[in-house]
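One letter stands for each residue in the lines below.
2 protein chains.
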Amino acid sequence: MDLVVLKFGGTSVADAQRIRRAARRAIQEKLNGNQVVIVVSAMGKTTDKLIDLAKEISSDPPKRELDMLLTTGEQVSISLMAMAINEAGHEAISLTGGQIGLITDSVHTKARIKEINADRIRQELSNGRIVIVAGFQGIAENGEITTLGRGASDTTAAALAAVLQAKRCEIFTDVDGVYTADPRLEPKARKIEQISYDEMLELASQGAGVMHSRAIEFGKKYGVDIHVRSSFTDYPGTLITREVQKMENIVVSGVAVKKELAQFVLIGLPNEPGVAAEIFYHLAKHNIAVDDIIQTADQSGHASTSFTVEKCDLAECKLVLAEIRQQFKLPEVICNNPVAKVSAVGVGMRSHTGVAQKMFKALAEAKININAITTSEIKICCIIDPADADKALRVVHEAFELDKQPAQAG
Amino acid sequence: MDLVVLKFGGTSVADAQRIRRAARRAIQEKLNGNQVVIVVSAMGKTTDKLIDLAKEISSDPPKRELDMLLTTGEQVSISLMAMAINEAGHEAISLTGGQIGLITDSVHTKARIKEINADRIRQELSNGRIVIVAGFQGIAENGEITTLGRGASDTTAAALAAVLQAKRCEIFTDVDGVYTADPRLEPKARKIEQISYDEMLELASQGAGVMHSRAIEFGKKYGVDIHVRSSFTDYPGTLITREVQKMENIVVSGVAVKKELAQFVLIGLPNEPGVAAEIFYHLAKHNIAVDDIIQTADQSGHASTSFTVEKCDLAECKLVLAEIRQQFKLPEVICNNPVAKVSAVGVGMRSHTGVAQKMFKALAEAKININAITTSEIKICCIIDPADADKALRVVHEAFELDKQPAQAG
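Heads up: the protein sequence lines correspond to chains X and R, in order. The opening position of the first sequence corresponds to residue 1 in our numbering, with each subsequent residue numbered one higher. The opening position of the second sequence corresponds to residue 1 in our numbering, with each subsequent residue numbered one higher.
Since the hints were made in silico from the structure, they are not lab data. Each hint should be verified, as a subset may be incorrect.
[Stated by the list, open to error] No more than 30 Å apart at the CA atoms, straight line, and that leaves these computed lysine-lysine pairs for BS3-like: (1) Lys30(R) with Lys63(X); (2) Lys49(R) with Lys55(X); (3) Lys55(R) with Lys63(X); (4) Lys55(R) with Lys49(X); (5) Lys45(R) with Lys30(X); (6) Lys55(X) with Lys45(R); (7) Lys30(X) with Lys30(R); (8) Lys49(X) with Lys45(R); (9) Lys63(R) with Lys45(X); (10) Lys49(R) with Lys45(X).
Could you put together the complete structure from these sequences and hints?
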């Protein structure tokens with residue numbers, strides 16, 4: 001008997017009717033002879049509404065209490081889903097993150113999964129029940145309720161699929177798959193049939209909102225195929241899977257844009273071993289996610305370091321950098337806020353030349369200034385003005401002809 | 001250092017402003033040198049809204065899943081209360097029923113408290129924190145989330161006050177105390193300054209909605225004074241406390257009416273030992289709360305038994321009685337639905353005569369027919385037509401002159 005994990009996002013469980021629709025899909029999988037685990041997000045805009053409620057009371061609520069608040073959203077969804085399946089004549093049971101033993105570290109609002117004790121799920125499955133698990137939430141070893149970060153119900157689903165050795169992990173969402181670019185910004189964007197974990201990871205972390213990065217990491221680490229698809233149709237979506245030969249032929253798989261970023265530039269650092277380590281140690285200690293690190297040295301023995309952070313970490317980052325500035329007696333810490341980033345991603349870059357040049361040329365022809373550039377083996381990122389972001393996405397999309405069926409580049 | 005338990009009902013935490021007001025009250029208790037435990041209900045009409053959501057999906061949702069759903073309401077309140085206290089510059093921590101180790105039996109939606117391990121609360125208090133506990137909810141020994149029944153946040157508060165040997169248990173609500181009758185039905189009703197546990201227990205179980213019966217039981221058992229008062233004023237409310245001599249002088253302390261009842265009459269039962277035990281064993285097994293049991297025997301060796309149940313238990317009660325009817329081959333099981341009950345309560349009844357007669361006379365003069373009568377040492381109940389209920393309350397209230405300051409009856 002195969003085991004499948006089905007994850008339904010907020011829009012897929014936004015009201016009673018949609019919950020019933022999702023329930024029917026799960027029941028169909030059961031009737032097809034599978035064991036079924038469902039992971040659900042909070043209904044519709046519930047999480048945003050809860051955050052608004054918190055903001056009415058405090059501009060900076062304790063993160064522990066935010067987790068206490070936000071985890072209620074998924075708990076509502078799981079109970080209603082269990083009721084819907086039960087009403088349709090099938091047995092189901094809902095379980096919270098704590099009840100399935102999804103143990104995390106204690107970093108509230110951004111906790112990481114340490115282990116999952118899947119005994120309870122296996123027991124309920126072997127009793128013939130459909131098991132419904134609250135996404136996004138876990139429990140720390142001291143019993144505190146934690147959350148895994150916005151959008152992390154995907155991560156719950158992928159992690160459960162890994163632990164339970166699921167045959168499939170299906171992510172039902174309000175879009176019908178992963179696109180070569182965000183279709184709201186580039187109408188010519190095309191649905192991707194199949195994409196490697198690494199490409200999807202880069203696209204997700206560069207701003208493609210479809211999937212949560214850590215979900216893909218779990219998929220990659222444990223070899224779980226993740227199928228991202230629409231909850232409103234039966235069409236296949238995008239399969240995120242291990243890299244295969246033919247993917248190499250596609251130079252760029254997709255482009256993404258991220259807007260709510262800030263860039264910090266630290267000038268006049270001593271160009272000595274251990275300085276960068278010291279700076280990023282302090283940022284990591286405050287759980288500030290840093291990206292696009294660039295360091296350059298001048299002739300005078302000084303170095304400059306720049307990096308980007310998400311808007312949500314901006315205030316905390318400023319505090320940390322104020323201390324660092326004092327410690328290293330820096331003449332200046334520049335904050336460019338906001339900045340945007342446009343990225344092109346593709347495993348084919350490894351074996352093709354001229355990819356970066358094509359991207360820079362497209363931006364130049366559109367008169368978009370590039371503030372900074374970072375690259376990896378399969379990605380090129382340009383930091384630009386947020387006013388140019390949407391245009392940048394479109395010109396890069398066009399330069400790599402992503403609206404056309406994948407070219408068999410040689 | 002004294003410990004106080006403050007309980008805020010749904011209307012007292014209905015929005016951000018009211019949560020802040022409740023937070024200020026708790027902080028004031030802290031500043032007065034007390035250790036403070038807060039128990040909160042779900043915000044405003046949250047519980048009703050969640051039940052409506054469940055009903056959209058299922059007419060008869062599994063009780064386990066209802067508990068999973070409804071406990072989210074209090075979890076939202078505790079986190080927001082913690083944020084409000086924190087925002088005001090004081091330390092607070094919110095805890096769920098599971099986190100404080102409030103262990104219950106496994107009877108979902110009507111669980112009873114088995115024990116409370118207050119170590120976590122004591123530890124947080126000794127760290128100088130205000131502790132905020134989710135009312136209404138607990139956890140069964142198998143880790144399942146349970147609830148204690150509608151309105152049971154009072155019970156959580158009283159139980160905590162008992163376990164923590166609190167100096168005071170203050171119940172903040174949307175009324176300013178316990179009245180001689182529901183002021184919405186009898187505008188002449190008067191606030192009671194002090195009432196015994198037993199009288200309050202009878203009034204609560206006979207339909208006075210102010211307090212949850214089990215809360216008063218806890219108060220009585222552990223000698224905790226319970227102060228019911230308005231969260232919107234600083235005036236004293238009603239003190240529920242042990243019986244003292246002067247209470248004896250008051251014949252009737254209050255009257256109450258209960259409307260959503262059904263009365264069952266079982267006719268033709270064998271008048272033999274064990275029959276009643278058998279019937280009520282089956283009802284208890286289904287956790288159906290039964291009241292106003294009357295049994296009469298005729299000359300032919302047969303007995304009739306009647307009793308009332310709450311509307312919410314009606315459907316299940318009918319199923320159980322259908323089985324009982326078959327088992328005892330009863331000619332008839334009559335269901336009078338709906339019926340109402342008007343009750344007069346007072347410890348003074350024990351030592352005064354003519355009380356019942358005065359009540360029956362008042363009802364008779366108002367041309368209200370009495371369907372059945374039950375009495376206890378401190379209570380007289382009459383089953384009547386629901387159409388007469390409000391009028392019955394008023395005439396009984398008037399007959400005992402409850403609008404006047406307590407008469408020193410001799």
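Against the structure, the hints come out as follows:
The suggested pairing of Lys30(R) with Lys63(X) holds, with an alpha-carbon distance near 23 Å, which does not exceed 30 Å. Our distance criterion of 30 Å between C-alpha atoms is met by Lys49(R) and Lys55(X), whose separation comes to about 22 Å. A threshold of 30 Å between alpha carbons decides the hint, and for Lys55(R) with Lys63(X) the separation of about 33 Å lies outside it, so the pair is violated. Pair hint Lys55(R) plus Lys49(X) holds up; C-alpha atoms about 22 Å apart against a cutoff of 30 Å.
Straight-line distance between C-alpha atoms of Lys45(R) and Lys30(X) comes to about 37 Å, which puts the hinted pair past the 30 Å bound. Simply put, Lys55(X) and Lys45(R) have alpha-carbon atoms about 21 Å apart, close enough for the 30 Å limit, and the pair holds. Distance restraint check for Lys30(X) and Lys30(R): the Cα-Cα separation of roughly 55 Å exceeds the 30 Å cut-off, and the hinted pair is therefore not satisfied. About 16 Å separates the Cα atoms of Lys49(X) and Lys45(R), which keeps this hinted pair within 30 Å; it holds.
Restraint check for Lys63(R) and Lys45(X): satisfied, since their Cα atoms lie roughly 26 Å apart, inside the 30 Å limit. In summary, the hint linking Lys49(R) to Lys45(X) is supported, as the alpha carbons are separated by about 16 Å, within the 30 Å threshold.
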